Every structure is written in C-alpha cells, then in structure tokens.
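What follows is the residue order along each chain.
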Amino acid sequence: MQSKYLKWLIILAGLVVLLVASVLLSLSVGEMNLGFLDIFRVLRKGNESMEYTILSQIRVPRVMLGIAVGGALSLSGVLLQGVYRNPLVEPYTLGISGGASLGVAFAIVFGLHQLVGSFVLPVCGFSGAFLIIFLVYTISSRSGRINIQSMLLTGVMISFIASSSMMLLMAITSAENLHGIIFWIMGSLDEPDMSLIYITLILAFASLVVSYLFVQPLNALRLGEEKAKHLGINTDTTIKLLFLLASLLAGVCVAVAGVIGFVGLIIPHLMRLLVGSDYRILLVGSFLSGSIFLILSDVIARTIISPNELPIGVITGIVGGIVFLLMMSRSSVHSLKNNG
Amino acid sequence: MNPDILNIQNLCCGYPKFQLSAINIDIPKGSFAGIIGPNGSGKTTLFRAITGTLSIKSGKILLGDKNLKSLSPRLRAQNIAIVSQFIDAGDMSVEDYVLMGRIPYHSRFSFFESEEDFSIARKYMEMTDTLRFRDQLMSELSGGEQQLAAIARALTQQPELLLLDEPTSHLDITHQVHILNVLQQLNQEMGLSVLMVIHDLNLASEYCDRLILVNQGKIYTQGTPEEVLTFKHIEDVYQTVVVTQANPLSGKPAVFLATSKVLKEIQEKLADKQEK
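Chains A and B, in that order, are what the protein sequence lines are. Its first residue numbered 8, the first sequence is counted upward by one per residue in our numbering. Its first residue numbered 510, the second sequence is counted upward by one per residue in our numbering.
The following block holds chain B by itself, in its conformation from the complex:
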C-alpha cells in the first residue's frame, strides 16, 4: 500500500513554448499541500497535468497505487475533485450545481438522482454552510459563496484528493480565511487530502503542512513551510527583497515585503551613518 495520495515521478509535460521537466512530488495521505510560485512558473501547467486536462510526455502520476493514466475519466473523477478558479454556473440552483458532483457515479441510463445523491449533496452543503442558499441561483451568490458551493460540489464527488486552483484569489480577507478554515476542518476531520495552487505566501504558510515552490518549469524546492519559505528562496524565485519571521501567534514563517522606497531609505540611512 502506497502511503502517498499523490506521487509524481519524473514528470515531463507542457506546451510547445513552455515545458515542465523533472517533476518529482510525494504528497502523503491526509496532507494539506500548497503549490506556490511566480506567475508563469508552471503552477497551472502542473495542475492541469494532475487533473488530466494536459497529456503527459514522460514520467508518471500515481494516485495511491493507481496510475492516473490508466484510470478512465469517470474513475478519475471519483478519486480527484477539482475546484477551478472561475465558477460559471449561471442559471443553475445551488442544489442542482452541487448535485453535479454525483455525475461520475451515475450510469449513462440513470436519469433521476437517488435519495442517496440528495442526502450526500445536503451533507456537504451543510458542511460548507451553503445549504441555506440551496434554492438560490448560482449567479445570485457572491464570489466567496460560489467558491464554497464549488467546494461542496467537489466534496459531493467523494474524492480521495481535493485540488483547488487559487481558491482565495479575488476574495477579501474574511472570505479567504473562511474558505481556508473550511478546507482545514475537512482536512483534519475527514482526513481529506488537499492540494491547492495559492499565490498568497502567508496564507500558504499558515494553512499548508507542505509547500511546493515551482519556478521556471521546475521544482525549486519543497518541504514544510519553514523549509521552503526562507528569505533566500523567495528572493531568488520572486526577485523581490523580503524579510521572513515567525508569526508570533502560530510560529509559522511570515513574509514581509521590502518595497524599493523603503530599501532606498534604509540605504540612505546606512550611508548617513557611514558618513558620520
């Protein structure tokens, strides 16, 4: 039995103008992992390889003991659920939207959802606090509420692994924290393995137990937030001057920016001191 939920070996994939190469990742079952890296570094490409929307050139992706390539789309959808960055469900009621998560379990000839489908959908709507919207249209919900409904839909697929593509972008801090709290709770109470692409380094540090830092189509480094989020790594990858320090509340590394104006002021002060 493979203790890893996701095991990527020597993966190589991409587009004519952009390639990911030599990607090796192990994510143990029950992890809360984050993929970080600058824009254009290959986060989304890696994500698309894992979700199966991008075909693999070489290497392999194992989900538990199963090779992802050998899984049918249906079985894959029963094992991996994906919350995309943009949710465009328009004129669908929230309940109908969440029930879509049962599609991988329906046979071609099943026409009506069973009582079981409804109760599974309700359970996860309750868990994500979206049950109260169930008769509302998706388009009537705010961005954060839509994101929660999308998480409920993904959970309704009853996956082994939940993938999220920047679940907190476009959201204010209240909703960012709310969504990540919900995910953390699911991770801890249900043992659900979570892998998300996330831009905000401080949120990644607070919530993830593993981080994968991607840069220029390769994995720059991976490990615990303490191992990954050092000022050296960040300055090298993001080309930005930063200071990292432990968050006084959680002890996790927190990243502080040094803007060019501040840097200039510091340099002037140093120069003044030297003159004196």
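Isolated chain A (complex conformation):
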C-alpha cells in the first residue's frame, strides 16, 4: 500500500477514537457526573431512574446533534473553500446565517412561534437561509456561466442586507422578543424535538457520502478553475452543485442549532494543516473533527459556569480561535525550519 494511504488510515482511526472519547466525555459530565462504565450500565438497563432520563432525554440528543451540526458545518466550510479557492470563505460568509437569523427574527417578532408552535422557528430559519441561497444562486448564474468571484461578492452583499434587515426588526420589537432573538442567534445544541435531530444527523451523513462523488473535481479545482477544465472536469456543474449542497447543509444546521460560528472556518483550516489539502482525506477528516470540536465545546459551555450554560458559539469562537492561532504559529515555525 502507498504510504500516503497508510497515513490517511492512521489519521482516520485516530479521529474515530477521539470522537468516541469525546462522546463518552460529553455523556459523563454535567450537573451529575457519571463514570464511563456507568453510562453503559444505565443505558442498557433502560429503567426509569434519573440517570437514565438525564442520559436519554438530555445528553444523548445533545451529542447526536453535536456530531451532526459540527460535522455538517465543517464539511460545508471545506466544500465552499474548495469551490471558491478562498481560505476565508465559510458557510456564513454567503449570507446563510444572515438569512436564517432574519427568518427566525421575523417569526419571533410577529409571534408566529406562539401562534403555531415552536417548530416554526427552525422552519422559518431554514426558509430564510434557503431564500438567501436561492437569491445568490440565481443572481450569480443569470448569465448562464457562474463567475466565482462575483458570486462571492453577491453573497457577501446579500448577507449584509439580511443582517441589517434583522437589526431593523430587532430595533423595533419588544425587549422580550429581542431576548428571544439574541438567545437563538447565539446558538445551542439544546433541541427538544428528537425528529429534527434525526433529520439533521441523517442529512449530515448523507451529505458526506454525496460530497465524495465530487472528490476528484474538488482535487482538480485545487489547480484553479481553468486547469480543472483542462483535466476534463465540468467545473460549472461541480461548482453549482457543491454550492447548493454546502449551503443547504449549513442552512439546516443554522435552522436547528442557531448560529454557531467558526466551526466551518477553523476546522477545515486545522485539518489542512494536519493532513494536507487532498480532499479524499480532508472531507471525512473535517467532518469528524468538526463533530469532535463541537461536542467538546458543548462540554465546556455546559460545565464552565455550571449550573448555568454559556452560548456554545462563544466557546467555539474563543477556543477555536486560540487553538488555530497556536497551530498556525507552530506550523510556520515548522515550515521556516524546512526552508532553512
């Protein structure tokens, strides 16, 4: 076997082990700490004990959503960076979070969630995100051919319009609604609706599988759009489909878990530093490490000022940012050594 493939296998195994470990950690810590072995004992017994209720009603759903949202946001980020060949692009750059927030703010301000039920929030969030994606897509593919740079700018502009409109709503609404909007925007893995969690989890894994159908075009795009064409890649279709896949995925995540920032930006970069830019390992690697990162961030958010809970977006931003800066300074020292 090629040494490259062996290296990938080791990385993959390592990430799976880390994921299992962080799942166990997340299940065991909280207001009531459980030993690792207790987790299995309690879950197997399945009785009506308090431990069982805490695990099955609170912690397991959180972990499942963490795996799904962390993986999906990170995958979405790595796909968009591949398509745009721009390291600063993340799922929210193109206005997906702005659109979803606008949808949710709309629902809260007009009291839709009290009128119809709480499921209105994710539905409105996703509709908002979808509207933005649709706008960016149609505006930038109007001329038949997609221009990547103008698409990016279109996305950024529409994002500004969406977030400004949301601020307009926030400015004219009551303090109570304002609190609801801000709380939602900060993001959380707390989702009472189990079926939404299942849908997100299934969509996340399905997208990972689908993204692997584009692994060769993504690798070819590393050379640039024109050179990918020279290698026989239909770049227009690839870019369109991957844009839709990545942004719908991010839209679902935002609708379910709110705006959890930085995962889609930091994790793909961290993985690029660790495993290189070959999308064959990068896609699954980013997915798994996104899941790990979000689960661990959730653990910190839940425990650091227990019994209160911090917004998870705060943790992902601070912890993720610091870890990334450390990694980057270490790797630049490393590459300096290599060149010298």
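Please keep in mind that the hints were generated in silico from the structure rather than gathered at the bench. Model, not experiment: these values are computed from the prediction. Check the hints yourself; a few may be wrong.
[As the list claims (entries may be wrong)] Covered, in the sense of this in silico footprint (three residues per stretch, anywhere, with C-beta under 8 Å from a C-beta of chain A), are these stretches of chain B: (1) 521-528; (2) 553-567; (3) 580-587; (4) 595-604.
[To be verified] What follows is a list of derived Cβ distance ranges for each label pair: (5) A:R337 to B:K727: 51 to 59 Å; (6) B:S759 to A:S10: 53 to 61 Å; (7) B:K727 to A:V216: 49 to 57 Å; (8) B:F618 to A:G21: 48 to 56 Å; (9) A:G21 to B:K526: 50 to 58 Å.
Where a beta carbon is used, it is the ideal one built from N, C-alpha and C, also for glycine.
Go by the hints and put chain B onto chain A.
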C-alpha cells in the same frame, strides 16, 4: 484516416472586442509546431479555442478524425494535455501534482490511484527529470522545475497532442533550452505532437518544424521557419527593423534586432558617405 493531428477549418471565435476570423491550420501528426505573433495578436485566444475554454462561433476544430466539439470534457482531456503559463499548485507534493494527470481516466467512483497510475506518473517524472523532487512541495520548486513537473503532469494524461502556453517565458536561457530539449526529445522519441505558443522567435526557429504567425486576429502566414521568419514578415507584423540570417550551426533562420540607436548611426554613416 486523417494524417493531421490538428485540423482547424475556417475558425471564427473570440470576445466582443476581439475576434479571430478565417483561421485555417493543419498540423500533421508528430509535428513540433509553434504559434508566434505580437502581444494582443490572438495567440492566446486561438489557444483557448483549441483547449476548449473558449466556445467557437463558426468553423470547426478536428483532432485527428474527431470533432473537438463532440468530445466530452473527459475524452478531450485524454487526447489533449495543456501546460499553462502559470502553475499554481501550492502545497501539493510533486508526485500528487503529476498524478492529477490521471484524473481524466478515473471514474467518478474510483477513489485510490492504481499501481498503473503510479507507474505511469513515475515514468514521465523520470523522463522529465522530476522524479528526484517527487516528495517535495510544488511551491518549493524553482520556476523551471515547476514547468518540468507540469510537463510530466501533462504527459501523464497520455495525450495525442501536447499544448504549451509560453513554456519558456520567465526562465533563464539554461532552463529555456533544457525545457525545449525535453520537449524535442519527447517529440522525436515518442512521436508526441507538440503545439506551443512562444514569444522568442529564435527559439521558435531552432526547435519548431512549423510556425504559425498570427497577427490582428488572423493568420499572417504559416509554414517552415525558413518560410515564415523572413525579415519582411517580421518587420511587417512586429513593426521592428530586423535582419535575418541562417544560424551558422543549425542553418535555421536567426533574427537580429536593429535598435533605433543603431539605425540612426547607420543612417548618419550613409549620409557622411554621400557627402564625401
């Protein structure tokens, strides 16, 4: 069977402000052909039409017997490989970069390169003398070495026709000659047909067996270097005074410049003589 590897008939294509028109070119199999012409004459546009990145308005381009338009992008990439002027492969190892040339042969579901892919890539890295860099990053290589790796990548596509866009620009004379020698060797030993855009008229003359001189969106003239590189053609197209003379070593035409200072001195000398 069409003996031409590339046959362009009445091609018309371009952009709103710049058009190529009435382009007719035949390039026999096994040729080493060069496209020359001033900046903005349409060399790159013609090149982009052949590579398929620019759509054709009228006329057709035949690759052997196949109409280029009817080929899928994948099949086209199996038949034509392109070495672009700028190679931006960044953090990729040289071997990974060269292996990209196998992409036109992979199915959507093939995930790992086969032993065959690796051995083909190694063979062409050896041929271009880049095998020794194979674990290095592309960004660590010099311009000339990157160009060689790009040629190895193109060969790994196992094309019928190799297209190069100014492969020797930005390179010093050692690397220019080295790259062209490698191409010449490939052309003669493997019978690979080569078509390149090249600025340097003397290099074009030494290495190419056919030249196509493009000017103002049209083909000014084409043929052997002796037919194309006459002082009349060059002065007319490039608006520069030159002298052409056979290179004493190869017998191919060589182009010598007459700068305005030299021309002035000659004129003064002539005037002096007349006065005397």
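For each hint, the structure was consulted:
Beta-carbon proximity to chain A at under 8 Å applies to 0 residues in the region 521-528 of chain B; the threshold of 3 is not reached and the given coverage is violated. Against chain A, the region 553-567 of chain B contributes 3 residues with a C-beta closer than 8 Å to a partner C-beta. That satisfies the three-residue criterion, and the hint holds. Counting residues of the region 580-587 of chain B whose C-beta sits closer than 8 Å to any C-beta of chain A gives 7, which meets the bar of three, so the coverage hint holds. Look at the region 595-604 of chain B against chain A: 5 of its residues bring a Cβ nearer than 8 Å to a Cβ of that chain, three or more, so the hint holds.
Taking 51 to 59 Å as the suggested C-beta distance range, the pair R337 of chain A and K727 of chain B conforms, at roughly 58 Å. At about 47 Å, the beta-carbon gap between S759 of chain B and S10 of chain A misses the expected band of 53 to 61 Å. For K727 of chain B paired with V216 of chain A, a C-beta distance near 52 Å keeps the hint of 49 to 57 Å intact. The hinted range of 48 to 56 Å is not satisfied by F618 of chain B and G21 of chain A, whose Cβ atoms lie roughly 26 Å apart.
The hinted window of 50 to 58 Å between G21 of chain A and K526 of chain B holds, with their beta carbons roughly 56 Å apart.
Of the numbered hints given earlier, the model fails hints 1, 6, 8; all others are met.
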